[in-house]
Amino acid sequence: MSLITTDQVVLDLDAADRTEATRQLAQTLVTSGRCTDLATFLDDVRKREEQMATGLPGGIGIPHARSAAITQPSLVFGRPATGVDWGAEDGPATLIFLIAAPDGGGQEHMKILAALARKLMRAEFRQSLRDAPDAATVVEIVEREVVN
Amino acid sequence: MKFVGVTSCPTGIAHTYMAAEALEVAARDAGHEMIVETQGSAGSDPLDPAVIAAADGVVFAHDLEVVGRDRFAGKPTIDVGVKKAISDGPGLITQAVAAVEQFRRDPGSVAVTVAGGSSAATGLTTKVESGVGTATRIRQWLMTGVSYMIPFVAAGGILIALSFMLAQIAIGEDGAIEIVKYSLTASGEDAAYNIAQNFDLLSLTSWAALLFVMGAAAFGFLVPILSGFIAFAIADRPGIVPGIVGGSIAVTMQAGFLGGIATGFLGGFVARWISRWKVHKGVRGVMPVVVIPLLSTLVTAGIFITLLGRPIKWLMDNLTEGLNGMTGSSAVLLGLILGAMMGFDLGGPVNKVAYTFATTGLGVAGAATDAPQLKIMAAVMAAGMVAPLAMALSTAVRPGLFTEPERENGKAAWLLGLSFISEGAIPFAAADPVRIIASSVVGSAATGALAMLFGTTLRAPHGGLWVLPLVGKFALFVLALAIGVVIMAGIVIALKSREQSKAALTATPLAA
Numbered sequence: 000m001s002l003i004t005t006d007q008v009v010l011d012l013d014a015a016d017r018t019e020a021t022r023q024l025a026q027t028l029v030t031s032g033r034c035t036d037l038a039t040f041l042d043d044v045r046k047r048e049e050q051m052a053t054g055l056p057g058g059i060g061i062p063h064a065r066s067a068a069i070t071q072p073s074l075v076f077g078r079p080a081t082g083v084d085w086g087a088e089d090g091p092a093t094l095i096f097l098i099a100a101p102d103g104g105g106q107e108h109m110k111i112l113a114a115l116a117r118k119l120m121r122a123e124f125r126q127s128l129r130d131a132p133d134a135a136t137v138v139e140i141v142e143r144e145v146v147n
Numbered sequence: 000m001k002f003v004g005v006t007s008c009p010t011g012i013a014h015t016y017m018a019a020e021a022l023e024v025a026a027r028d029a030g031h032e033m034i035v036e037t038q039g040s041a042g043s044d045p046l047d048p049a050v051i052a053a054a055d056g057v058v059f060a061h062d063l064e065v066v067g068r069d070r071f072a073g074k075p076t077i078d079v080g081v082k083k084a085i086s087d088g089p090g091l092i093t094q095a096v097a098a099v100e101q102f103r104r105d106p107g108s109v110a111v112t113v114a115g116g117s118s119a120a121t122g123l124t125t126k127v128e129s130g131v132g133t134a135t136r137i138r139q140w141l142m143t144g145v146s147y148m149i150p151f152v153a154a155g156g157i158l159i160a161l162s163f164m165l166a167q168i169a170i171g172e173d174g175a176i177e178i179v180k181y182s183l184t185a186s187g188e189d190a191a192y193n194i195a196q197n198f199d200l201l202s203l204t205s206w207a208a209l210l211f212v213m214g215a216a217a218f219g220f221l222v223p224i225l226s227g228f229i230a231f232a233i234a235d236r237p238g239i240v241p242g243i244v245g246g247s248i249a250v251t252m253q254a255g256f257l258g259g260i261a262t263g264f265l266g267g268f269v270a271r272w273i274s275r276w277k278v279h280k281g282v283r284g285v286m287p288v289v290v291i292p293l294l295s296t297l298v299t300a301g302i303f304i305t306l307l308g309r310p311i312k313w314l315m316d317n318l319t320e321g322l323n324g325m326t327g328s329s330a331v332l333l334g335l336i337l338g339a340m341m342g343f344d345l346g347g348p349v350n351k352v353a354y355t356f357a358t359t360g361l362g363v364a365g366a367a368t369d370a371p372q373l374k375i376m377a378a379v380m381a382a383g384m385v386a387p388l389a390m391a392l393s394t395a396v397r398p399g400l401f402t403e404p405e406r407e408n409g410k411a412a413w414l415l416g417l418s419f420i421s422e423g424a425i426p427f428a429a430a431d432p433v434r435i436i437a438s439s440v441v442g443s444a445a446t447g448a449l450a451m452l453f454g455t456t457l458r459a460p461h462g463g464l465w466v467l468p469l470v471g472k473f474a475l476f477v478l479a480l481a482i483g484v485v486i487m488a489g490i491v492i493a494l495k496s497r498e499q500s501k502a503a504l505t506a507t508p509l510a511a
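If you read the protein sequences in the order shown, they are chains X and Z. Everything in the first sequence is counted per numbering that gives the first Met the number 0, starting at 0 for the first residue and increasing by one. Everything in the second sequence is counted per numbering that gives the first Met the number 0, starting at 0 for the first residue and increasing by one.
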């Protein structure tokens, strides 16, 4: 089971705002069959975002939700050319991690997401994703750092 | 140094772990050791008790209640929202180091985790979360008090309603009038009404009286419990004594549930203030059992009695005088004012004045069936039934606007409202005073005015549904009541819906 595939990497994300960016990233999950209902999932993400914006210092946005529309834990990685405001105080986000978890996902699945969340705090991990030349490299970095 | 910590967030898939990572990395970078228990959705591996025992300090970065807080008792603690750890892990570690150093110099001056505090696993719980705005916090304090009060409302209210019902069967149409004369202390001329001395196993009246005195006893706790647990939410355990004693004094002073809210806040803040004093080591042991309860009660009750005693008396005297001065003016206007008063504080001073005005009138009404005093009584009772019935209706129509305990209380409120037990609405009013009181005043005033306009009459001072045979023009009485109930329920739903959608849009919790 993979957390991310090359289809779930959008290196030239072109979106005006959070909602649009999230929708585009989530669309990749619909295409791959990991998300059964785009509207439901987007609604769950929006609710989480409304509780408090998930933007973090250092140009990071981590929209995320547990949703009944999600079939397996998934990560979608987006790298917008121009930053998207994600509610962080120090400016727009240039690295976006959309984290999708199934409702009531098993412990093993959740542990992978937990490991991913921990990695996001590492500057070298983020930098390597910023520097990745293509989708395959992004997938390879995530697989190496998180899944194993 | 060695640190332990707990992180948590609402979704439990991202911030919990990021905060844990940030703290552990920051601690290591600063040359310390730290292990964090992540209370998230990947399950939490509880910290080894030996690791906790060896730790110098604790950092809680959480948006949910820390599970098993007791395990960290007695250690200097930094307690923040989860996002703080993510945005400034090194800063928190610096703070934690400073707290530990300060603790070593002077243990009394640093916040430590308190055993038996607000642990989710054991003991009493509050609805207070960390890292929320002032308005939310006030609401959580109120809700904590309300959640402990609701069972008393249900127990007492249903016992009284059942007693009216039995009395109706046993005594006849005057049952509800007769039954409230019973008590546990009646003596002298009224000795026959002492149910403790005269209980008769085979008498239905005795059983009704028994239920009544028990229900009344339970009702005596409404305001003290509300007040006590508001104070508990604010100050934790030290708040309970000044809160409950203050609330009890509020009852005796006829200050109603608004008085109880006042003593709850007063008691809570006083207790919290005193419990944060820096005291000598020798005194620290007796702080929780002697010093805090003694001083906080002294201050809370002292302030309430001396400062509010006269204003309450003044208010009641003036309202009574104002009502007496209205004889001869428009009956509908009088009904409107009496109704508004009944709905305002649900058993508090303003309500008492209106009710006493009506029952006093009954005494001089004589035998005439359409005396103005009988109309006033009808208007007052109808108005007093509006709030609990409207809240029951609101919770039935729009359950999503209410909390689980409120919905349960809503079911009991049907019976309480029909029995003219206004207290059935107190949990709602105490949890959200401004909206509920505003709605209640409008709905109750409408019913009061209509009851007067329709010329309904009543010669029983209480009983609600159970004295309907004593109501003149009872179909119109019911109509006046129904209109007020619908009006109030409509306003409640409108105000609460607006609040809810607004909260969804502008929620800016520091929570993650």
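If you're looking for bench data, these hints aren't it; they were derived computationally from the structure. Please note: incorrect hints may appear among the correct ones.
[Stated by the list, open to error] The calculated PhoX-like cross-link candidates involving lysine-lysine, where the alpha carbons are at most 25 Å apart (straight line), are:
#, chain 1, residue 1, chain 2, residue 2
1, Z, Lys410, Z, Lys277
2, X, Lys118, Z, Lys1
3, X, Lys110, X, Lys46
4, Z, Lys277, Z, Lys74
5, X, Lys46, Z, Lys74
Hints, one by one, checked against the model:
1. Between Z:Lys410 and Z:Lys277, the direct Cα distance comes to roughly 48 Å. Violation of the 25 Å bound is thereby established for this hinted pair.
2. The hinted pair formed by X:Lys118 and Z:Lys1 meets the criterion: a straight-line CA distance of about 23 Å does not exceed 25 Å.
3. A distance of roughly 23 Å separates the Cα atoms of X:Lys110 and X:Lys46; the hinted pair therefore holds under the 25 Å criterion.
4. At most 25 Å may separate the alpha-carbon atoms for a hinted pair to count; Z:Lys277 and Z:Lys74 meet this at roughly 16 Å.
5. For the hint linking X:Lys46 to Z:Lys74, the alpha-carbon distance of about 36 Å lies beyond 25 Å, and the restraint is violated.
Hints 1 and 5 from the earlier list are contradicted by this structure; the remaining hints agree with it.
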